[in-house]
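Visitor: Residue-level listing of the chains:
2 protein chains.
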Amino acid sequence: MSSPKNSEIRIALDAMGGDFAPRNEVQGAVLALRELPDKLRIILVGDENKIAEELKKAEYSGDKIQIRHAAEVITMHDSPSKAVKEKKDSSLVVAANLVKNDEADALVSAGNTGAVGVASIFIIGRIKGVSRPTIAAPIPNEKRSFTYISDAGAFVDSKPDHLVEFATLTATYLSEVYGVKNPSVGLLNVGEEESKGLKFTKETFDLMKKTDLNFIGNIEGRDIFKGTVDIALCDGFIGNLLLKQAESMLSFLKTKFKQYAETSLIAKLQIGLAVPAIKKALYDADVDNVGGTPLLGINGITIIGHGSSKPKGIKNMILQAAKAFDADLVNKLKEAIENEHERTQSS
Amino acid sequence: MSSPKNSEIRIALDAMGGDFAPRNEVQGAVLALRELPDKLRIILVGDENKIAEELKKAEYSGDKIQIRHAAEVITMHDSPSKAVKEKKDSSLVVAANLVKNDEADALVSAGNTGAVGVASIFIIGRIKGVSRPTIAAPIPNEKRSFTYISDAGAFVDSKPDHLVEFATLTATYLSEVYGVKNPSVGLLNVGEEESKGLKFTKETFDLMKKTDLNFIGNIEGRDIFKGTVDIALCDGFIGNLLLKQAESMLSFLKTKFKQYAETSLIAKLQIGLAVPAIKKALYDADVDNVGGTPLLGINGITIIGHGSSKPKGIKNMILQAAKAFDADLVNKLKEAIENEHERTQSS
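If you're matching them up, the sequences are chains A and B in order.
Going by the working numbering, the first sequence opens with residue 22, and the numbers climb by one from there.
Going by the working numbering, the second sequence opens with residue 22, and the numbers climb by one from there.
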């Protein structure tokens with residue numbers, strides 16, 4: 022895999038993944054190319070005819086997009102492991118193989134999250150020394166920044182040493198790709214005192230204290246939105262629940278404002294006037310404005326997005342992949358994991 | 022303990038518990054009495070002089086409030102078990118003893134949550150057959166109602182059969198006190214399929230299927246705000262994290278709106294005009310408008326509130342206790358737990 026700063030990145034885009042595929046995927050690819058015309062080369066993987074039709078509608082005339090046919094589709098209802106094993110000619114599996122065979126640098130998909138994880142781990146493969154990759158999901162916080170929940174659901178039932186890996190991978194991602202200096206890590210727990218929580222959290226706390234990471238101790242559920250730390254560390258079972266609750270806030274707010282608007286004409290007017298300001302104030306809470314979440318620890322760049330991603334969301338996922346590529350992410354993660362292993366062995 | 026519908030309820034109010042004690046506690050008690058003058062009898066427990074001073078300021082002239090002196094205070098920083106054991110003359114311990122000795126029907130406190138739990142369990146005692154009480158915390162949802170997270174943090178590391186108890190207690194609470202018909206219960210998990218999740222969730226799923234409760238299966242983190250079920254069932258470690266994240270939403274929104282308002286004069290004007298509507302639309306998301314959370318499974322009524330509770334919040338906690346008393350909650354919970362045990366033994 023090549024990755025010098027000024028070279029092109031080749032994106033394998035699972036064009037059949039999302040709920041509005043391939044339309045949103047194709048439009049997202051075109052939007053991304055408008056922003057970074059010299060940086061991107063995009064391979065749209067999926068049903069050739071459908072993709073060509075959407076591409077025609079999108080009126081793209083450049084030469085940076087190509088189509089790679091794949092006859093099958095992995096749906097949201099498919100069992101991840103089974104689907105990746107059996108649907109060899111699915112858009113996701115074909116796209117993952119492009120990365121594996123160095124025909125692409127990044128896999129971008131708004132499809133079945135579990136299947137994207139399985140395809141990344143078993144087709145593209147893990148970085149040497151990584152036992153469990155992690156999903157690092159950005160949640161907007163009060164500090165005009167993001168708190169990354171890690172692991173946000175790549176694995177359930179992780180062990181304390183897996184959490185140390187998650188922290189190492191995520192801290193490296195934030196410092197290398199987003200320039201966050203010495204990212205702070207907090208362990209999600211039911212109280213701040215070291216003695217709080219489960220056997221699992223106490224063991225993780227002890228291991229984290231020994232790392233070179235900027236570990237600040239235990240944090241609570243409120244610290245995610247508050248932005249107390251850059252990284253909120255937890256097992257993927259908990260991370261997935263917290264991520265989905267945080268993401269559902271926007272739908273909750275929309276419904277509440279709508280319900281209030283229905284109470285009177287004045288209320289309707291008030292909400293009508295307020296909506297543009299609310300949207301701007303909560304810009305970062307709209308996942309389409311952010312993009313997706315990286316799966317860290319893979320021997321390539323994987324960006325996983327929401328099934329409901331709009332073209333703007335797909336565009337942002339592609340831009341995220343490009344940013345990670347420019348930072349030479351995979352090699353930086355390799356170095357970080359090696360250093361962490363050396364530290365553990367010498368201590 | 023007496024509890025006929027039309028009788029008075031005697032509230033033991035920990036007047037030193039909250040961050041603004043005893044001022045907010047005293048004012049809250051007076052507000053509650055203005056709403057239910059014939060229903061309530063309130064015993065303010067704590068520093069006699071300070072309470073008397075606040076009571077004077079509140080200009081209460083009725084005879085439904087009395088003061089019970091307690092010299093010590095359990096703070097937010099105290100270790101719950103240690104504090105309850107050692108501070109025998111603390112406002113919390115004295116208030117809990119009033120319930121134990123049938124001098125009061127309910128314990129209401131905005132103090133150290135862990136200590137309120139310990140005092141309730143070890144002084145007032147559990148209902149026979151209940152191995153673990155549960156905190157059932159209401160989160161507003163899109164269905165103009167509340168989703169109760171249970172257990173929201175009374176215990177960490179609960180077992181599947183504890184969760185069945187939590188569900189039984191919470192469902193009985195909702196149906197008896199709030200008239201929710203056949204409350205639906207969902208098990209918090211990382212996906213809806215029965216096979217998803219941890220060994221722990223699979224075992225809980227199997228046990229829940231066998232109950233007479235309205236168990237609808239697994240739910241995800243988004244279902245809390247969405248209102249898919251009445252009760253979101255989980256271990257207290259997870260419930261505490263989700264509760265605190267949900268509660269921190271309002272502070273996040275305030276900060277985001279403030280940050281946007283600072284971007285321009287027009288933005289400031291927009292937000293200024295929007296705030297009243299936003300506040301009304303999100304009325305239920307303000308914990309002071311709701312009150313507190315019951316600790317269910319105790320041989321008495323316990324309502325736990327936020328340390329930051331305003332007088333309105335204290336008032337609503339007292340009204341919650343009165344509502345539970347009118348529904349003869351403790352006896353209803355006893356019956357429900359007995360029935361559940363009979364079912365288990367006969368099956």
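It cannot be assumed that every hint is accurate.
One copy or two, it doesn't matter: identical chains are merged, so the pair holds either way.
[Stated by the list, open to error] Capping the alpha-carbon separation at 25 Å, the derived lysine-lysine pairs in BS3-like fashion look like this:
(1) 300 with 220
(2) 289 with 77
(3) 149 with 71
(4) 220 with 71
(5) 301 with 333
(6) 331 with 180
(7) 164 with 289
(8) 223 with 247
(9) 202 with 353
(10) 231 with 149
(11) 300 with 279
(12) 231 with 71
(13) 300 with 106
The set of hints was computed from the structure by calculation and includes no laboratory data.
Keep in mind it's a predicted model, so treat the numbers as computed, not measured.
Visitor: Would you list, in rising numerical order, the hints stated earlier that this structure does not obey?
Guide: 1, 2, 3, 4, 6, 12 and 13
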